[in-house]
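Engineer: In case you want the letters, here they are:
Number of protein chains: 2
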Amino acid sequence: MYVIIIYDAAPKRGAKLLKFLRQHLIWIQNSVFEGEVTESQFAEIKSGINTIINTEKDSVIYYNHGSNTYVERGVIGIERNAMDTFI
Amino acid sequence: MYVIIIYDAAPKRGAKLLKFLRQHLIWIQNSVFEGEVTESQFAEIKSGINTIINTEKDSVIYYNHGSNTYVERGVIGIERNAMDTFI
Numbered sequence: 001m002y003v004i005i006i007y008d009a010a011p012k013r014g015a016k017l018l019k020f021l022r023q024h025l026i027w028i029q030n031s032v033f034e035g036e037v038t039e040s041q042f043a044e045i046k047s048g049i050n051t052i053i054n055t056e057k058d059s060v061i062y063y064n065h066g067s068n069t070y071v072e073r074g075v076i077g078i079e080r081n082a083m084d085t086f087i
Numbered sequence: 001m002y003v004i005i006i007y008d009a010a011p012k013r014g015a016k017l018l019k020f021l022r023q024h025l026i027w028i029q030n031s032v033f034e035g036e037v038t039e040s041q042f043a044e045i046k047s048g049i050n051t052i053i054n055t056e057k058d059s060v061i062y063y064n065h066g067s068n069t070y071v072e073r074g075v076i077g078i079e080r081n082a083m084d085t086f087i
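Which chain is which? The protein sequence lines are V and C, in order. Numbering-wise, the first sequence is residues 1 to 87 according to the working numbering. Numbering-wise, the second sequence is residues 1 to 87 according to the working numbering.
Hints were generated in silico from the structure; no laboratory data involved. Check each hint, because a few of them may be wrong.
[Said to hold, decoys possible] Not everything, but these chain C residues come out facing chain V in the computed CB check (under 8 Å):
#1 Asp8
#2 Val37
#3 Asp58
#4 Ile61
#5 Arg73
[What the hints assert, rightly or not] With a Cα cut of at most 27 Å, we get these calculated DSS-like pairs of lysine-lysine:
#6 Lys46(C) - Lys16(C)
#7 Lys46(C) - Lys12(C)
#8 Lys46(C) - Lys12(V)
#9 Lys19(C) - Lys57(C)
#10 Lys57(V) - Lys19(V)
#11 Lys46(V) - Lys19(V)
#12 Lys46(V) - Lys16(V)
#13 Lys16(V) - Lys57(V)
#14 Lys46(C) - Lys57(C)
#15 Lys12(V) - Lys57(C)
#16 Lys57(V) - Lys16(C)
#17 Lys12(V) - Lys57(V)
#18 Lys16(C) - Lys57(C)
#19 Lys57(V) - Lys46(V)
#20 Lys12(C) - Lys57(C)
#21 Lys46(C) - Lys16(V)
#22 Lys19(C) - Lys46(C)
#23 Lys12(V) - Lys46(V)
#24 Lys12(C) - Lys57(V)
#25 Lys19(C) - Lys19(V)
#26 Lys57(V) - Lys46(C)
[Stated by the list, open to error] Here are a few chain C residues that sit away from chain V, every Cβ distance over 10 Å (derived from the structure):
#27 Lys12
#28 Ala15
#29 Phe20
#30 Arg22
#31 His24
#32 Leu25
#33 Ile26
#34 Gly35
#35 Glu36
#36 Glu44
#37 Ser59
#38 Arg80
Heads up, the beta-carbon is just placed ideally off N, CA and C, and yes, glycines get one too.
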């Protein structure tokens with residue numbers, strides 16, 4: 001499955017999320033990550049996020065696509081991280 | 001089509017984007033918007049973004065899905081803006 005994860009967390013936990021998510025997904029912009037993962041990897045990522053964030057204060061949104069072929073992705077302005085695999 | 005738009009802009013232009021995108025899409029979190037739009041509305045939104053941002057400094061990413069039925073959306077932690085229409 002192809003997932004997009006966007007977080008909105010306090011700076012200290014945000015830094016931890018950045019470090020954690022970099023190990024599993026591709027950093028896109030600011031607090032946005034994307035990547036192809038298996039179902040069990042995705043479960044592991046969600047569980048990791050849960051242990052890092054304060055679930056009463058922080059917010060992490062995910063979009064789970066069956067595959068990236070359903071999605072058109074574009075950038076207006078500069079591309080913070082060029083993704084050869086996508087465009 | 002169903003689009004997700006995430007921006008990363010300097011504060012002044014970010015505030016303008018927030019105001020502009022609120023008129024066309026649903027605010028989700030931080031600098032994240034979603035919504036069902038027609039092809040011409042989406043063209044209008046992209047053109048509006050272009051006039052607001054500094055294309056050499058800011059970055060706006062969009063994901064364009066044929067329809068929201070292809071996507072599973074979830075939140076870990078708090079939901080900044082509850083979307084009854086989606087979940």
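Engineer: All the hints need checking, so say for each whether the structure fits it.
Structural biologist: So, going through the hints one by one against the coordinates:
no. : hint                : result
1   : Asp8                : 4 Å, holds
2   : Val37               : 13 Å, violated
3   : Asp58               : 5 Å, holds
4   : Ile61               : 5 Å, holds
5   : Arg73               : 5 Å, holds
6   : Lys46(C) - Lys16(C) : 14 Å, holds
7   : Lys46(C) - Lys12(C) : 19 Å, holds
8   : Lys46(C) - Lys12(V) : 34 Å, violated
9   : Lys19(C) - Lys57(C) : 19 Å, holds
10  : Lys57(V) - Lys19(V) : 19 Å, holds
11  : Lys46(V) - Lys19(V) : 14 Å, holds
12  : Lys46(V) - Lys16(V) : 14 Å, holds
13  : Lys16(V) - Lys57(V) : 15 Å, holds
14  : Lys46(C) - Lys57(C) : 17 Å, holds
15  : Lys12(V) - Lys57(C) : 26 Å, holds
16  : Lys57(V) - Lys16(C) : 26 Å, holds
17  : Lys12(V) - Lys57(V) : 12 Å, holds
18  : Lys16(C) - Lys57(C) : 15 Å, holds
19  : Lys57(V) - Lys46(V) : 17 Å, holds
20  : Lys12(C) - Lys57(C) : 12 Å, holds
21  : Lys46(C) - Lys16(V) : 33 Å, violated
22  : Lys19(C) - Lys46(C) : 14 Å, holds
23  : Lys12(V) - Lys46(V) : 19 Å, holds
24  : Lys12(C) - Lys57(V) : 26 Å, holds
25  : Lys19(C) - Lys19(V) : 32 Å, violated
26  : Lys57(V) - Lys46(C) : 32 Å, violated
27  : Lys12               : 15 Å, holds
28  : Ala15               : 16 Å, holds
29  : Phe20               : 12 Å, holds
30  : Arg22               : 17 Å, holds
31  : His24               : 14 Å, holds
32  : Leu25               : 14 Å, holds
33  : Ile26               : 12 Å, holds
34  : Gly35               : 14 Å, holds
35  : Glu36               : 15 Å, holds
36  : Glu44               : 13 Å, holds
37  : Ser59               : 5 Å, violated
38  : Arg80               : 5 Å, violated
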